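There are 2 protein chains.
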Amino acid sequence: MNWLRPLAAGAYRVPFWAQHRAPSCPLRAFAAHPENQVAEGVVKVQQPKAQLGTDEGKKNFILKTPKGTRDYSPKQTAIREKVFNTIISCFKRHGAEVIDTPVFELKETLMGKYGEDSKLIYDLKDQGGELLSLRYDLTVPFARYLAMNKITNIKRYHIAKVYRRDNPAMTRGRYREFYQCDFDIAGHFDPMIPDAECLKIVHEILSMLQLGDFLIKVNDRRILNGVFAVCGIPDSLFHSTCSTVDKLNKATWEDVKNEMVGEKGLSPETADRIGEYVRMPAGGLGLIEQLLQDPKLSQNKLAREGLGDMKLLFEYLTLFGIADKISFDLSLARGLDYYTGVIYEAILLQPQNAHKEEPVGVGSVAGGGRYDGLVGMFDPKGRKVPCVGVSIGIERIFSIMEQKVEASEEKIRTTETQVLVAAAQKKLLEERLKLISELWDSGIKAEMLYKKNPKLLNQLQYCEDNGIPLVAIVGEQELKDEVVKLRVVATREEVDVRRENLIEEIKRRTCHP
Amino acid sequence: MNWLRPLAAGAYRVPFWAQHRAPSCPLRAFAAHPENQVAEGVVKVQQPKAQLGTDEGKKNFILKTPKGTRDYSPKQTAIREKVFNTIISCFKRHGAEVIDTPVFELKETLMGKYGEDSKLIYDLKDQGGELLSLRYDLTVPFARYLAMNKITNIKRYHIAKVYRRDNPAMTRGRYREFYQCDFDIAGHFDPMIPDAECLKIVHEILSMLQLGDFLIKVNDRRILNGVFAVCGIPDSLFHSTCSTVDKLNKATWEDVKNEMVGEKGLSPETADRIGEYVRMPAGGLGLIEQLLQDPKLSQNKLAREGLGDMKLLFEYLTLFGIADKISFDLSLARGLDYYTGVIYEAILLQPQNAHKEEPVGVGSVAGGGRYDGLVGMFDPKGRKVPCVGVSIGIERIFSIMEQKVEASEEKIRTTETQVLVAAAQKKLLEERLKLISELWDSGIKAEMLYKKNPKLLNQLQYCEDNGIPLVAIVGEQELKDEVVKLRVVATREEVDVRRENLIEEIKRRTCHP
Numbered sequence: 179m180n181w182l183r184p185l186a187a188g189a190y191r192v193p194f195w196a197q198h199r200a201p202s203c204p205l206r207a208f209a210a211h212p213e214n215q216v217a218e219g220v221v222k223v224q225q226p227k228a229q230l231g232t233d234e235g236k237k238n239f240i241l242k243t244p245k246g247t248r249d250y251s252p253k254q255t256a257i258r259e260k261v262f263n264t265i266i267s268c269f270k271r272h273g274a275e276v277i278d279t280p281v282f283e284l285k286e287t288l289m290g291k292y293g294e295d296s297k298l299i300y301d302l303k304d305q306g307g308e309l310l311s312l313r314y315d316l317t318v319p320f321a322r323y324l325a326m327n328k329i330t331n332i333k334r335y336h337i338a339k340v341y342r343r344d345n346p347a348m349t350r351g352r353y354r355e356f357y358q359c360d361f362d363i364a365g366h367f368d369p370m371i372p373d374a375e376c377l378k379i380v381h382e383i384l385s386m387l388q389l390g391d392f393l394i395k396v397n398d399r400r401i402l403n404g405v406f407a408v409c410g411i412p413d414s415l416f417h418s419t420c421s422t423v424d425k426l427n428k429a430t431w432e433d434v435k436n437e438m439v440g441e442k443g444l445s446p447e448t449a450d451r452i453g454e455y456v457r458m459p460a461g462g463l464g465l466i467e468q469l470l471q472d473p474k475l476s477q478n479k480l481a482r483e484g485l486g487d488m489k490l491l492f493e494y495l496t497l498f499g500i501a502d503k504i505s506f507d508l509s510l511a512r513g514l515d516y517y518t519g520v521i522y523e524a525i526l527l528q529p530q531n532a533h534k535e536e537p538v539g540v541g542s543v544a545g546g547g548r549y550d551g552l553v554g555m556f557d558p559k560g561r562k563v564p565c566v567g568v569s570i571g572i573e574r575i576f577s578i579m580e581q582k583v584e585a586s587e588e589k590i591r592t593t594e595t596q597v598l599v600a601a602a603q604k605k606l607l608e609e610r611l612k613l614i615s616e617l618w619d620s621g622i623k624a625e626m627l628y629k630k631n632p633k634l635l636n637q638l639q640y641c642e643d644n645g646i647p648l649v650a651i652v653g654e655q656e657l658k659d660e661v662v663k664l665r666v667v668a669t670r671e672e673v674d675v676r677r678e679n680l681i682e683e684i685k686r687r688t689c690h691p
Numbered sequence: 179m180n181w182l183r184p185l186a187a188g189a190y191r192v193p194f195w196a197q198h199r200a201p202s203c204p205l206r207a208f209a210a211h212p213e214n215q216v217a218e219g220v221v222k223v224q225q226p227k228a229q230l231g232t233d234e235g236k237k238n239f240i241l242k243t244p245k246g247t248r249d250y251s252p253k254q255t256a257i258r259e260k261v262f263n264t265i266i267s268c269f270k271r272h273g274a275e276v277i278d279t280p281v282f283e284l285k286e287t288l289m290g291k292y293g294e295d296s297k298l299i300y301d302l303k304d305q306g307g308e309l310l311s312l313r314y315d316l317t318v319p320f321a322r323y324l325a326m327n328k329i330t331n332i333k334r335y336h337i338a339k340v341y342r343r344d345n346p347a348m349t350r351g352r353y354r355e356f357y358q359c360d361f362d363i364a365g366h367f368d369p370m371i372p373d374a375e376c377l378k379i380v381h382e383i384l385s386m387l388q389l390g391d392f393l394i395k396v397n398d399r400r401i402l403n404g405v406f407a408v409c410g411i412p413d414s415l416f417h418s419t420c421s422t423v424d425k426l427n428k429a430t431w432e433d434v435k436n437e438m439v440g441e442k443g444l445s446p447e448t449a450d451r452i453g454e455y456v457r458m459p460a461g462g463l464g465l466i467e468q469l470l471q472d473p474k475l476s477q478n479k480l481a482r483e484g485l486g487d488m489k490l491l492f493e494y495l496t497l498f499g500i501a502d503k504i505s506f507d508l509s510l511a512r513g514l515d516y517y518t519g520v521i522y523e524a525i526l527l528q529p530q531n532a533h534k535e536e537p538v539g540v541g542s543v544a545g546g547g548r549y550d551g552l553v554g555m556f557d558p559k560g561r562k563v564p565c566v567g568v569s570i571g572i573e574r575i576f577s578i579m580e581q582k583v584e585a586s587e588e589k590i591r592t593t594e595t596q597v598l599v600a601a602a603q604k605k606l607l608e609e610r611l612k613l614i615s616e617l618w619d620s621g622i623k624a625e626m627l628y629k630k631n632p633k634l635l636n637q638l639q640y641c642e643d644n645g646i647p648l649v650a651i652v653g654e655q656e657l658k659d660e661v662v663k664l665r666v667v668a669t670r671e672e673v674d675v676r677r678e679n680l681i682e683e684i685k686r687r688t689c690h691p
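Listed in order, the protein sequences are those of chains A and B.
For what it's worth, the numbering used here labels the leading residue of the first sequence as 179, then goes sequentially.
For what it's worth, the numbering used here labels the leading residue of the second sequence as 179, then goes sequentially.
It should be emphasised that the hints constitute simulated quantities derived from the structure, not laboratory data.
Small disclaimer: the values here were computed from a predicted structure and weren't measured.
Treat the hints with care, since some could be wrong.
Stated by the list, open to error - A partial selection of chain B residues facing chain A, derived with a Cβ cut-off under 10 Å:
no.: 1; residue: Asp315
no.: 2; residue: Tyr341
no.: 3; residue: Asp344
no.: 4; residue: Thr349
no.: 5; residue: Arg354
no.: 6; residue: Gln358
no.: 7; residue: Gln471
no.: 8; residue: Thr592
no.: 9; residue: Trp618
What the hints assert, rightly or not - Under the rule of at most 27 Å between Cα atoms (straight-line distance), these lysine-lysine pairs were calculated in the DSSO-like manner:
no.: 10; chain 1: B; residue 1: Lys685; chain 2: B; residue 2: Lys589
no.: 11; chain 1: B; residue 1: Lys442; chain 2: B; residue 2: Lys474
no.: 12; chain 1: A; residue 1: Lys303; chain 2: A; residue 2: Lys285
no.: 13; chain 1: B; residue 1: Lys629; chain 2: A; residue 2: Lys562
no.: 14; chain 1: B; residue 1: Lys612; chain 2: B; residue 2: Lys658
no.: 15; chain 1: B; residue 1: Lys582; chain 2: A; residue 2: Lys328
no.: 16; chain 1: B; residue 1: Lys339; chain 2: A; residue 2: Lys270
no.: 17; chain 1: A; residue 1: Lys260; chain 2: A; residue 2: Lys589
no.: 18; chain 1: A; residue 1: Lys685; chain 2: B; residue 2: Lys260
no.: 19; chain 1: A; residue 1: Lys270; chain 2: B; residue 2: Lys582
no.: 20; chain 1: B; residue 1: Lys339; chain 2: A; residue 2: Lys303
no.: 21; chain 1: B; residue 1: Lys612; chain 2: A; residue 2: Lys503
no.: 22; chain 1: A; residue 1: Lys339; chain 2: B; residue 2: Lys260
Think of the CB as a built atom: it goes at the ideal place given N, C-alpha and C, for glycine as much as any other residue.
The task is simple: from the sequences and hints, build the whole structure.
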């Protein structure tokens, strides 16, 4: 018997970012999810008379997420999960443990750690009790955790959302609530070995995500300190000058010089002296040697230390085979105050969708460095725990991935369902419930339509829409014959399977180790 | 050559909750993590002179997490991950998609949804712009998401932290920041089919977690509505009376009656009439039939509907083979206002660690129900989207799991590292870096000590401490012979492996499909 009208089979392909790693085992079919992409949509609502309370009358309110935040639809979380899996598998490959900390901290814990950026911290309302703030990054909570638990040696990762009351630019992946994926190594070790591993991790992740060509800029706060010192900048202006220099990746030297002279009060001559260093072409060992020969800079102890370690770092990166993607760049300064040694930042080198009208802005997708003083700020006795780490910025990567998926017309499955339990005729709800229960209990991912008497065509259409590869059909004749008709959605092939062999048969057809 | 002092091999076992599912593939060896369990520790700190700012001088502050919150140590996140994996695999088995929403919502979005509990909502400080609150559960954000994106049909799960300014009781797993694992089905379907699936899910999860015997209480808001109506309670007191009745699982009938009469202003006779119903022994089909015969209650339209659906629900649960764990219980009322139909709550039936001095308090570990009106409260035209869902409460389950692990003296691995790259003599850092880089690039989880010249004994001890099953040792002789010495930590067996075969050999020894 064949009561099945053939349906057009969808063209499912494995997306580029899934090819290098196998998920558990479902059939590699991907189906579009029909729903919403209206994450930023705003709807004016005339709220109906509240059904649940009497104190809530009619009033207008805006149906939206808070400014600078967004929901993730099933399609978006599916893409996000692939990115996370790539990052997590890398962090695990490097032997990291996991910790988690609360989304808010005592306000005092965050105070005095972020310099000028402290104004971007979200505070909670004083409702009695402690004064709290939402975390601004995962680094300060990590340092607080180490000091509180007297941990002097750990390698951990932490993936979580952080909060900044910044000006959002959501089309370019800049949000007020966003994920950071942090990997840090804490402990007293020999120079540059953990630092080099952090850079290896950035290299592995950006390579696996296939985001196109990238470059990792490195510098060292000690070298910058030496540069500023020989140019005549007082120590008290060090962090402030770092902030200004850090703008070189977006602004011209003239703008940066103007800020130094106009806002920071440096003389034009001092600014020009700084310019001579930070505008040097980025490089590798050559630039290091050049600076080590520099008559003024080579007299500065911190700079000499930093340059020596930079040389060591490049040796290790060469052994890792990744030195070609690393660029020693004196213009890299990083914004945050707490860095004390090596700093780095990874940038994507070209727009991913140059052919599209609005390319995703190219920019920093990872950054980090060494912060040897932060834990000591929390420790009762000021004991230092040297740390180095890296933070992968996910939102920009998501934006690129989303655009790639859209451009490629790949269908993304948002579920992993292996089989739909369907009925060929009416009055078979009980049989469907019994069968699906058996499948669930055997670990098979199964769905059914929540109708007493769904039409077969609707059941098959549901499989098409959701990329479900198999249909287990119960019918009157099949019940008599003690079989279930198993239909392969892509090929429309149908085969009667004895009821007792069904689970094995489904597993065989959906898992290809 | 054998320069290796034998070390005591740890006794690693697979923990009970890991036996039913295989993680990716690492050796199933579990090692204790030496660090911290001082999650709730409080340290008085004399803050050292701030190194990074000048506006932060010396002052006392408390080094702690905010009240009612905690950090998760690596050991705790490892246990947590197993619990999450069990829950997520169940949600996926039932074909759920994933969505995510921001941690805060517009304050207005949460207003008028939680009744008396609204006072427990965390508000953010008004720093200019929108008024925001931290989410109190995942249900209201889900309903807001559906209305905003005009979604009328979805099955999704969402695992995230929620926030309640409640009185914390952390030893019993009650926190101010805690996880909820929500599964919900939205859409217009035939009665009780999705509702039954939610109960099946609770049953599957509690069975797989092996938390001991459990019971799922069910009731229906429509039946309660009928009961209260025939007892003479006005509609306006319905939610308030539900709150009071809901206390029956912790308080005696006398206390509950006192609250009805003293605080809610009911007459003692009215309270007693309610008592006659809500104190009926819980049951199944028998109780349903008894109530359908009740001369007063059977006259109430809502109650008849609710009882009819309850009968249907039990039919479906019987087909699922789980009716023995389900108890129709008129004393179950649930606290939140938004339920409109079936409600349920799962409790563990006995203390898990009765032999220990402080048993984990037995209580509710899952709850949920039908809320057909909530989405309509957000929709501009009041269009309703019927929903039913369940929320798994994780903290209490974590507490039990943690105690079980501690009692069993199982060693929990907090990393998945397969191999440590070690050196037999000094001056082999370069060789270690080259080798580990190859291993990482082949997808092998590898670590090395961050020392230039670590002692072999320290390297082997690191493997013991962290449950790393293999050591790849480079030595001078091995380099000459173009081999690597592979040592199995548990058996101390050593074998020379040709360098070009090493990756294959490690994979062979650590993956058992």
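Taking the hints in turn, this is what the structure says about them:
Nearest Cβ of chain A to the Cβ of Asp315 of chain B: about 14 Å, over the 10 Å cut. The hint is violated. Because the closest C-beta pair between Tyr341 of chain B and chain A is about 8 Å apart, less than 10 Å, the hint holds. For Asp344 of chain B, the shortest C-beta to C-beta distance to chain A is roughly 12 Å, which exceeds 10 Å, and the interface hint is violated. With its C-beta approaching chain A no nearer than about 18 Å, Thr349 of chain B sits outside the 10 Å limit, and its interface hint is violated.
A distance limit of 10 Å between C-beta atoms decides the matter here; for Arg354 of chain B the minimum to chain A is near 9 Å, and the interface restraint holds. The criterion of a C-beta within 10 Å of any C-beta in chain A is not met by Gln358 of chain B, whose closest approach is roughly 14 Å, and the hint is violated. Contact between Gln471 of chain B and chain A, as hinted, is not supported at the beta carbon level, the nearest pair being about 26 Å apart and thus beyond 10 Å. With a least beta-carbon distance of about 4 Å to chain A, the hint placing Thr592 of chain B at the interface is held under the 10 Å criterion.
At a threshold of 10 Å, the smallest CB-CB gap from Trp618 of chain B to chain A is about 6 Å, leaving the interface hint in force. In summary, the hint linking Lys685 of chain B to Lys589 of chain B is supported, as the alpha carbons are separated by about 23 Å, within the 27 Å threshold. For the suggested pair Lys442 of chain B and Lys474 of chain B, the alpha carbons sit about 24 Å apart, so the restraint of at most 27 Å is met. Between Lys303 of chain A and Lys285 of chain A the alpha-carbon distance is near 11 Å, which keeps this suggested pair within the 27 Å criterion.
For a cut-off of 27 Å, the pair hint linking Lys629 of chain B to Lys562 of chain A stands: about 19 Å separates their Cα positions. Restraint check for Lys612 of chain B and Lys658 of chain B: satisfied, since their Cα atoms lie roughly 16 Å apart, inside the 27 Å limit. Restraint check for Lys582 of chain B and Lys328 of chain A: the C-alpha separation of about 26 Å stays at or below 27 Å, so the hint holds. For a cut-off of 27 Å, the pair hint linking Lys339 of chain B to Lys270 of chain A stands: about 24 Å separates their Cα positions.
This hinted pair checks out: Lys260 of chain A and Lys589 of chain A have alpha carbons roughly 14 Å apart, not beyond 27 Å. About 23 Å separates the Cα atoms of Lys685 of chain A and Lys260 of chain B, which keeps this hinted pair within 27 Å; it holds. Restraint check: the Cα-Cα separation between Lys270 of chain A and Lys582 of chain B comes to about 26 Å, which is no more than 27 Å; the hinted pair holds. This hinted pair checks out: Lys339 of chain B and Lys303 of chain A have alpha carbons roughly 19 Å apart, not beyond 27 Å.
Taking the CA atoms of Lys612 of chain B and Lys503 of chain A, the gap is about 17 Å. The hint holds against a cut of 27 Å. Restraint check: the Cα-Cα separation between Lys339 of chain A and Lys260 of chain B comes to about 22 Å, which is no more than 27 Å; the hinted pair holds.
Checked against the numbered hints above, the structure breaks hints 1, 3, 4, 6 and 7 and satisfies the rest.
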